[in-house]
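*Asks:* This is what each chain is made of:
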Amino acid sequence: MTGAMNWWGSRWSGFGFLLLLVLLWEAAGRYGWVHKLFFPPATTILASFFQIVASGEVLGHVGVSIWRAGLGYGLAALVAITLGVLMGYWRVVYESLEIVVELLRAIPPPAVIPVAIVFLGIGDQMKVFIILFSCAFPILVNTMDGVRSVDPVLVRTARTFGLGQGALLWKVVLPAASPFIMTGLRIALAIALILVVISEMVGATSGIGYFILDAQRSFRIPQMYAGMLVLALLGYALNRCFLVADARLMAWHKGLTARQR
Amino acid sequence: MLDVGELRKEFQPLSGQPVVALGSVSFRVGSGQFVSIVGPSGCGKSTLLQCIAGLSRPSAGRVLLHGREVTGPPEGLILLFQEYNKSLMAWRSVLRNVRFGLENRAGMSRVEMDAEARRYLELVGLTGFEAHYPWELSGGMQQRVAIARALVRRPEVMLMDEPFGSLDALTRIELEDALLRLWESLRATILFVTHDIEEAVYLSDRVYVLSCRPAQVIEEIEVKLERPRSQLATREDPRFIQARHHIFELISKEMAKG
Ligand SMILES: Nc1ncnc2c1ncn2[C@@H]1O[C@H](COP(=O)(O)OP(=O)(O)OP(=O)(O)O)[C@@H](O)[C@H]1O
Ligand SMILES: [Mg+2]
Numbered sequence: 001m002t003g004a005m006n007w008w009g010s011r012w013s014g015f016g017f018l019l020l021l022v023l024l025w026e027a028a029g030r031y032g033w034v035h036k037l038f039f040p041p042a043t044t045i046l047a048s049f050f051q052i053v054a055s056g057e058v059l060g061h062v063g064v065s066i067w068r069a070g071l072g073y074g075l076a077a078l079v080a081i082t083l084g085v086l087m088g089y090w091r092v093v094y095e096s097l098e099i100v101v102e103l104l105r106a107i108p109p110p111a112v113i114p115v116a117i118v119f120l121g122i123g124d125q126m127k128v129f130i131i132l133f134s135c136a137f138p139i140l141v142n143t144m145d146g147v148r149s150v151d152p153v154l155v156r157t158a159r160t161f162g163l164g165q166g167a168l169l170w171k172v173v174l175p176a177a178s179p180f181i182m183t184g185l186r187i188a189l190a191i192a193l194i195l196v197v198i199s200e201m202v203g204a205t206s207g208i209g210y211f212i213l214d215a216q217r218s219f220r221i222p223q224m225y226a227g228m229l230v231l232a233l234l235g236y237a238l239n240r241c242f243l244v245a246d247a248r249l250m251a252w253h254k255g256l257t258a259r260q261r
Numbered sequence: 001m002l003d004v005g006e007l008r009k010e011f012q013p014l015s016g017q018p019v020v021a022l023g024s025v026s027f028r029v030g031s032g033q034f035v036s037i038v039g040p041s042g043c044g045k046s047t048l049l050q051c052i053a054g055l056s057r058p059s060a061g062r063v064l065l066h067g068r069e070v071t072g073p074p075e076g077l078i079l080l081f082q083e084y085n086k087s088l089m090a091w092r093s094v095l096r097n098v099r100f101g102l103e104n105r106a107g108m109s110r111v112e113m114d115a116e117a118r119r120y121l122e123l124v125g126l127t128g129f130e131a132h133y134p135w136e137l138s139g140g141m142q143q144r145v146a147i148a149r150a151l152v153r154r155p156e157v158m159l160m161d162e163p164f165g166s167l168d169a170l171t172r173i174e175l176e177d178a179l180l181r182l183w184e185s186l187r188a189t190i191l192f193v194t195h196d197i198e199e200a201v202y203l204s205d206r207v208y209v210l211s212c213r214p215a216q217v218i219e220e221i222e223v224k225l226e227r228p229r230s231q232l233a234t235r236e237d238p239r240f241i242q243a244r245h246h247i248f249e250l251i252s253k254e255m256a257k258g
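Going line by line, the protein sequences match chains A and B. The first sequence begins at 1 in this note's numbering and counts up by one. The second sequence begins at 1 in this note's numbering and counts up by one.
This is chain A alone, in the form it adopts within the complex (with noise of 0.2 Å):
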């Protein structure tokens, strides 16, 4: 009775809803309940997986797309980071930058891509560029919005100790706001890779996007599903590892936010 109740209750009842999934599609490519060259038999799209991955056909294209993510993503946090903090603290900046930040933030990053390779033409430097520009606004605003809730008497009790500007921001307001900071780099992270795919769609010859978009036109359906699967597992794995330094970062945060609850 418990042992059955654990199993409801444990990860291993949503791996078995997955493995049900994965049945049935199987089932439905097999028998034909759907067009069997649109919809493969799962094993044939695993088995596709494993050859490109075996191969090292995909690997190469997840590394490039990684290293364009990862770039584009970093420099959206240094940028949106130290933007954040500049505009949450001093009311100057902020008035004179919302603006012009509001107007761009509304601007959907896709429609940025036809003005990007004009500019950039259409290799690494426009994709960067992209994952940059549509990275930077939830981490500035969560930023900007972290800065503002600093509690004004921990930064009192910072400038009764001596602080100058530059120890008082670092020392004191970017650790109160990381939480905040942390929020938006999490969105950021899903919109990096979104963005990453969609900009080598664009105009590419490598990445997983590429990948993607290549397998469909040349009509290797099992391999543009393979390369699917690599997104879902990257994404998935991504999210995993910035979960886990999000509970040892900020497990002060979270200590804290028990407390007071």
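Calculated directly from the structure, the hints in this document are not laboratory data. Since we're looking at a predicted model, the values are computed, not measured. Take these hints with a grain of salt, some might be off.
[Said to hold, decoys possible] Going by beta-carbon spacing under 7 Å, a handful of chain B positions derived as facing chain A:
id	residue
1	Leu55
2	Pro73
3	Ile78
4	Ala90
5	Trp91
6	Trp135
[Stated by the list, open to error] Cut-off 25 Å, straight-line C-alpha distance, at most; resulting in silico cross-link-like pairs (BS3-like, lysine-lysine):
id	chain 1	residue 1	chain 2	residue 2
7	A	Lys171	B	Lys86
8	A	Lys171	A	Lys254
9	A	Lys254	B	Lys257
Beta carbons: idealized from backbone N, C-alpha and C, even for Gly.
Use these hints to put chain B with the ligands onto chain A, whose structure you have.
*Replies:* Then chain B with the ligands, alone, in the frame of chain A:
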């Protein structure tokens, strides 16, 4: 050394008339003195300390420290906030919070800072809690972390805003005496805000009584009791009792007016 001259502070609330927190407050604190301020709740005591600490600009009047006007946080002066729990850094352990008091001092290694921090933690009775986080401690313990962080810096002037407000009676007595010993050995100047009249008399050389808002000094009481003071003998001294009565009456009258 500390000269407060006709200090006035108005606040503009989000709606309505300006609030005059400080009417015209004037007093002096000599070097090495222990001076207390008592007054009704909400009369402007915290506002007064923030102006003296250079964290809040007065609307009129001025504060002189060593004859120089205070326009920003002066070196060697520390304000211990009434909201001690908000002034601690939740992301730092207790030890690292206390170490913060020394971090922007030139010429001290991290090991030396930690040793000092440990010494002051022991003084406030928090040995064994170095690795804890502030939010894992009780209110009174957090208060003591904040006190240790201020003391570790050995400030020349210390402004304390109801520092023992959330402590139990025994810890309070212990810390009052520890503070007095420290004050004597550091030769520091202390301006101490409290709502406890007995505490003010017990600790101080002089007590200033403030009126209801807008605050003004209504009386200055010299406390001529010998030092070192003793929790039992001093508190039973007729001069202690007389000073206590006098201040109590002043504040009761003030409260009746407000
Ligand atoms: N930032 C502010 N904006 C508007 N009004 C303020 C502000 N800070 C303080 N006041 C007002 O100034 C008055 C004095 O406040 P203050 O905190 O100095 O009192 P206090 O004497 O320290 O009170 P307590 O004994 O309760 O700590 C209060 O009426 C308060 O409403
Ligand atoms: Mg107060």
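*Asks:* Give a verdict on every hint.
*Replies:* Against the structure, the hints come out as follows:
1. Leu55: Hint holds; leucine 55 of chain B Cβ to chain A Cβ min 5 Å, cut 7 Å.
2. Pro73: Hint on proline 73 of chain B: holds, closest Cβ of chain A at ~5 Å, below 7 Å.
3. Ile78: holds (6 Å)
4. Ala90: The hint holds - alanine 90 of chain B has a Cβ within 7 Å of chain A, the shortest such distance being about 5 Å.
5. Trp91: Status holds, d = 5 Å.
6. Trp135: With a minimum Cβ separation of about 5 Å from chain A (threshold 7 Å), the hint on tryptophan 135 of chain B holds.
7. A/Lys171 to B/Lys86: holds (16 Å)
8. A/Lys171 to A/Lys254: holds (20 Å)
9. A/Lys254 to B/Lys257: violated (47 Å)
Hint 9 alone, counting from the list given before, is not met by this structure.
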